[in-house]
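Chemist: For the sequence shown, UniProt numbering gives the first residue as 1, with consecutive numbering after it.
Accuracy of the hints is not assured; some may be wrong.
Mimicking SDA-like on lysine to any residue, the simulated pairs with C-alpha atoms at most 25 Å apart in a straight line are [to be verified]:
no. : residue 1 : residue 2
1   : Lys-29    : Ala-89
2   : Lys-189   : Gln-177
3   : Lys-509   : Lys-189
4   : Lys-63    : Lys-344
5   : Lys-344   : Gln-177
6   : Lys-58    : Lys-344
7   : Lys-344   : Tyr-28
To be clear, the hints were calculated from the coordinates, so they are not data collected in a lab. A quick note: this is a predicted structure, and the numbers were derived from the prediction, not measured.
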Amino acid sequence: MSAKQIVRNSACLNTKSIGPKPKMLPVYKDYLPPCNQHCPTGNDIQGFLALVRDLEFKKAWQKLVINQPMPAIHGRVCYHPCEISCNRAHTDSPVSIQQVERMLGDLAIDQKWAYPTVNEETNRKILIIGAGPAGLAAAYHLRLAGHQVEIRDANPHAGGMMNYGIPAYRLPRNILQQEVEKITDMGVKLTLNHKVTDIVAEKEQGEFDAVFLAIGAQIGRHLKIPMEDCGPIMEATEYLNLVGNDQGPKLGKRIVVLGGGNTAMDTARVAKRLGAEEVMVIFFSDRNHMTAHEFEADEAEAEGVKIHWMRNLTSIHGTEFTMDIMALDENGDAKPTGEVETLKADAMVFAIGQDIERQLLSGVENVELTPDGCIKVNEYMMTGHEGIFAGGDMISSSRSVTTSTGHGKKVARNIDAWLRGGVYLSEEKHQVVTHDMLQLWYEIDSNRNPINEVAVAERVKDFTEVVQGLTMDQAVYEATRCYSCGNCFECDGCYGACPEQGAIIKLGKGNRYKFDYEKCTGCQACVNQCPCHAIAMSPVSDIPFTLKK
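Can you make the complete structure from the sequences, with help from the hints?
Modeler: This is the structure we're talking about:
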């Protein structure tokens, strides 16, 4: 062996810190994947996908329901902002996160997996008004904290707008009710057909320690326009509520739906299923300005709904609907052109937004409203009345099932902290990993599984579920497509790339690795190789260790 080879091998071992001391050393870090960042419920998406990849389905479900207790529901109705932000979209297509969640939720129902049990009772009582997504989620988390929880709701069925606003072709009612039952099986009391009219009185009479207002926004708005000798006029929430109670009204052969949101699209699609021959949606602006998600409008049009863009309804006379033809100005605002157009219809449904039920708040001191008519809450989700909290569609926020579910979790944590005499402080967020931070040396094109749907000709006949879920094998494939952005998935890349023997130590499956800084030279080979950016270089002064002399 030559002298040069001897010197090189000694440097590799670095047992006596040969050479200059490094100023920067690698550290293993957990960054925040963008999918987790954009999930309104705070799901550990990378975490449950990794368990699915390892075929640990029950553990994956258990990790999922730490934050979000209704995966079979959200696997159907969530608008999956996680997928919109998925770094994989920059390569081929996002991971089908929602469908993996749905598979786990359906499997849990089929296998009758139960939610975690309560370890210690607190003997504190909380009243939740409203059995929608916010109320159900809050009940779940408060019950896990050991509190006694009762939900009171005016409707005969639990679910709120999940039952009375989302059509069954998107959310089958048996799926909804089975996940509700999982929550009541934890010991949550559910009282239906009970309309709360006096919040303070019910709080005092029931000896509740706190109240959570979660009845949503169910008062539909109407448009004030001239109407003469016209046919039936309804509001979308009323219409969908009747459908949810199996009392779907027959409004005629030709129906107009006014609005450009998801509720408008659902209303139009429901009308088709109830036998309307012609369903038309009127929206005052263009497709880019609608509040409905793109796929909602696409599916409505595929089912035969005619959308009249750039039309502003101005009057109704009998069956004649008069509309201003609109055009976008230089600021992108829709303005009348001076031209008009008419169409004929037998009835109309307004779908132009909802307001909260303000009458419920009468007699409750110090509860204030925001300029947009919602309940004002502080950073701890409490109203101006001590011990009364609010969330979901009752406060200013984007309105969706997933957002409301996230509010339920947040409110529960704040109520729990308040009952214990403190305040809830959320954990500091880690840095988000963007696509340009990844080093995908193993990058392979592998497009997501296509999601099957019932053929259009068949789906409009009834309320059978339209979107079909993934098989277990397909869900596993989707989980393997996850880049595990910012989180080590034990690929051994750093271990194999390190030139210093023993500088990186394997800790066993599931425990990742650690650095031996007595042997590490700070060469950065591990950082340059790590595909998911789970390693970063840090100044030696910031690393809590002491080198041997």
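Chemist: All hints, please: hold or fail.
Modeler: Each hint tested on the structure:
1. About 24 Å separates the Cα atoms of Lys-29 and Ala-89, which keeps this hinted pair within 25 Å; it holds.
2. At most 25 Å may separate the alpha-carbon atoms for a hinted pair to count; Lys-189 and Gln-177 meet this at roughly 15 Å.
3. Distance check on the hinted pair: Lys-509 and Lys-189 sit about 42 Å apart at the alpha-carbon level, beyond 25 Å; violated.
4. Among the hinted pairs, Lys-63 with Lys-344 is inconsistent with the structure: their alpha-carbon atoms are about 53 Å apart, more than 25 Å.
5. For the proposed pair Lys-344 and Gln-177, the alpha carbon gap of about 40 Å is over 25 Å, so the pair is violated.
6. Between the alpha carbons of Lys-58 and Lys-344 the distance comes to roughly 55 Å, so the proposed pair goes past 25 Å and is violated.
7. Straight-line distance between C-alpha atoms of Lys-344 and Tyr-28 comes to about 66 Å, which puts the hinted pair past the 25 Å bound.
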